[in-house]
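*Asks:* Each chain, letter by letter, is given below.
Number of protein chains: 2
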Amino acid sequence: MLHLTAALDPASQVPLYEQLYRSIAQEISAGALPAGARMPGKRSLAEALSVSVNTVDGAYQMLAAEGYLASRPRSGFYVQEYPARPVLTGETNRPPELPAAPAPEGPPVQYDLSTSGVDTRLFPARTWARLQKELLYTSPGLLARGDPQGEMELRQALAGYLEEYRGVRCAPEQIIVGAGIEHLLSLLAPLLPGPAAVEDPGYPRARQVLENSGRPCRFVPVDEGGLSVAALAASDAAVCYVTPSHQFPTGVTMPAPRRAELLGWAARRPGQRYIIEDDYDSEFRFDTRPLPSLQGMAGADGPVVYLSTVARSLAPGIRIAYMVLPVHLLPAWRQRYSLYSGTVGRFEQQTLARFIREGYFTRHLARSRVAYKARRTALAAALEDAFGPAASLSGLHTGLHLLLRLRGKNIPPDTALAAAARQAGIRLSALSSYYMDGPSACPPGTLVLGYGALDDALCAPLAAALSDTLKKACTAASASSSSV
Amino acid sequence: MLHLTAALDPASQVPLYEQLYRSIAQEISAGALPAGARMPGKRSLAEALSVSVNTVDGAYQMLAAEGYLASRPRSGFYVQEYPARPVLTGETNRPPELPAAPAPEGPPVQYDLSTSGVDTRLFPARTWARLQKELLYTSPGLLARGDPQGEMELRQALAGYLEEYRGVRCAPEQIIVGAGIEHLLSLLAPLLPGPAAVEDPGYPRARQVLENSGRPCRFVPVDEGGLSVAALAASDAAVCYVTPSHQFPTGVTMPAPRRAELLGWAARRPGQRYIIEDDYDSEFRFDTRPLPSLQGMAGADGPVVYLSTVARSLAPGIRIAYMVLPVHLLPAWRQRYSLYSGTVGRFEQQTLARFIREGYFTRHLARSRVAYKARRTALAAALEDAFGPAASLSGLHTGLHLLLRLRGKNIPPDTALAAAARQAGIRLSALSSYYMDGPSACPPGTLVLGYGALDDALCAPLAAALSDTLKKACTAASASSSSV
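Residue numbers (the working numbering), protein chains in the order written: chain A, 1 to 484; chain B, 1 to 484.
Keep in mind the hints are simulated off the structure, nothing from the lab. Fair warning: there could be bad hints in the mix.
Copies of the same chain look alike in the list, so a pair counts if it works inside one copy or between any two.
What the hints assert, rightly or not - Result set (DSBU-like, lysine-lysine): computed pairs, CA atoms no more than 35 Å apart in a straight line: (1) K133 with K373; (2) K409 with K471; (3) K373 with K42; (4) K471 with K373; (5) K373 with K409; (6) K472 with K373; (7) K409 with K472.
For reference, chain A alone in the conformation it holds in the complex (with noise of 0.2 Å):
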């Protein structure tokens, strides 16, 4: 007979019989009863414990449930064999200590000029929060599984809206919706042959992707018409991801004659070479109509896959992007992710499909475009007045960032711009930083500034405070190369 040690406390919120049992797991796991030992009978213990034998039984029921100990009829309950515990990697006393934050970054951040900010005053939370709300009160079916391609009323909305404002041509069945660009980029890399072209300078998060993707990505460089299709025909890439609408990071819109180029390039190896048009910010275009899209012209089953996300056209902590797939696409997406569920919850989905049909959508983006409009002409005048001929501006005429190039001598790297920048209070971008082969090819001094989330009040103190430091930052510069 065992002596069992268990301490049962009565008042704990535990109940007894889970306190006994834990008390004995814990005796077995640590060898403290051998294996083949027979428990004391249920009513012996419960004597000795003072509890009642239902207490014992629950305790006994459950560690035979989870085999610590074997029934056997008319004879009792028999110890298990427990492997000895395993000592595991990491396994100490205290938790392990986590890996360090990144370091701060400096001040706090007075003016940001990310270039993934937007207006969060213009979004009409109101009439979403009452859209959603209707649908949770009227619509229980969404809360079971729904189409993991996106519900078709989305699809629909976004297939009629895409064509209205896009030029895109296609049918719902071709849109999938996902949650987030790089999501759907993921999943739509595999499907697609070779190697993958990015725009240089471009967006290192597509390449990233592509790159975790494993396909391994050429770097094609970007002129004042874009992407040049030249580079690209000369590299092996079977893909090109592309910005035409509003080329990132430098803002210059691809030409018609260059589409066609670009377009002709994927021709010329039909189901070899495919084209990833990522429109992501195409309806901020301020100063003249948009450009129909690559789609468009392509057809609904070129070889043109055409992204796009609401993170700018509505808010970057709403979560649905899209994606339109050439017909000839769909049954290997289907057969790839047959048993897939789709990323984007119904109740979103069918608010913004109400959102898109009711015509809120098409009058917020109205709405966004003038005071996006607005705000571009006042930071331009404002750092126009600030800089005079000490800088050029370009970029401006479509989207929600610009570029900032500083003329004259002795101008230091643009990444030491940004620091001083960042030491000041003002969060911005080098423009080096989306080089892809390193910041060598990149033009000297040159800045990119965000101004979707910049308030209107603070374009003429944010150009005065930059231009200080920058002004600083070159002086300080020439004077520590001129004593050299």
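Please arrange chain B on chain A, whose structure you already have, making use of the hints.
*Replies:* Frame of chain A; chain B shown alone:
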């Protein structure tokens, strides 16, 4: 001088300058206006078309911006070279034919016993809607870009919940929030070594995701204690995907000694062997207390990645899953996915965080557990009544499905039984469809009945209809075999 044939319609909603732009762009793309040709002067074209000079100027500026025309100072606008329009794959006058939708499966479904179903009537839609609306009204900051690993408030709430109810030991920094198990598993797979073991029978979707991620899969048999660790150890697998709390689909729970053995397998090769613990519906354990997670036995930096979802505990239509990484995998994660955004909307994440923090989640689970247990008991009783000794039930203690196994001779293949049921309006699964290597190893005549979405009142009629249908299918099979 060119003869332009622009037919402008002043009554159209399209502005005149845009009509003119379209008309000229069309002629240039079609080759009707040769490269190098000088365009008519603005004033003379305006007169010829009876429009204002501004209209012509607007159209010319757009054409120049898009590369159709070039402007030469003091000379005018000239047609640019435009590559012949490429003939693209699949380009025809009619839209391409879409691949046929999956064939209709049979008569309308009267009883849906899919394993992914949940009872959506249990979902506290009003509370959820209220929390979400409050956040939309009060927290516009959530519209901006969020933490790619997930909202810290949600990860804190999950860490607390998982520690208390599942014995998971982790810091919030170890949690990754993502839009579904498949999504998280595809991000995880590239960080882990070698071939992967999956349970056989098991989740086909886990196998598909692992194989899509380039991990060859080994099939490890399941016995009455769950995955066979002996078979696992005999394979070359470096990763083991396992459902220890409630093996899918057999419903068995892995006893404590087997768990220790499994951890021992991983511990023998630290950093080279990993366990992926999918704890998908451990919330619904009816008859005994849930076993603590493998992750908790292994510790915060052990070889276990813990994976779960709210698809069962809340609803499949809400796409929130989460994963707990061992501390030592965090640096590799952060490096590989440094530019990826999160995949769950921030409002949904914060809604779930409040839902957990304010106690709604555990109350919902307690209420659901009672409802599902009652339904499980009613369904089991109805099936026993209807089938009598002709069938046995298993997998009753946990989760939202059970196994029904027909007894007797000449039982048809379970796929034939499932097809017969489907023809009678009952959707359920054949156990053999979860066997990885074909149905040969599968015990005959076993069906998987999910009761999450089943109406309580339908338990008895379903059992009667199912018994009727399956008896007829057996009789028919018996008659055809005796006639041979």
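*Asks:* Each hint should be assessed against the structure and marked as holding or not.
*Replies:* Comparing the hints with the structure gives:
1. Taking CA atoms no more than 35 Å apart as the test, K133 paired with K373 passes in both settings, with 33 Å inside one copy and 31 Å between copies.
2. In this assembly of identical chains, the alpha carbons of K409 and K471 lie at most 35 Å apart only when taken from the same copy (12 Å versus 91 Å across copies).
3. Taking the shortest Cα distances, K373 and K42 sit within 35 Å of each other only across copies (28 Å), while inside one copy they are farther apart (81 Å).
4. Proximity of K471 to K373 under the C-alpha cut-off of 35 Å is restricted to the intra-copy arrangement: shortest distance 28 Å within a copy versus 72 Å between copies.
5. For the identical chains of this complex, K373 and K409 are intra-copy neighbours only, at 33 Å inside a copy versus 78 Å across copies, given an alpha-carbon limit of 35 Å.
6. Only within a single protomer do K472 and K373 lie at most 35 Å apart by alpha-carbon distance; the minimum there is 30 Å, versus 72 Å between protomers.
7. In this homomeric assembly, K409 and K472 come within 35 Å of each other (Cα to Cα) only inside a single copy, at 14 Å, whereas the closest approach across copies is 91 Å.
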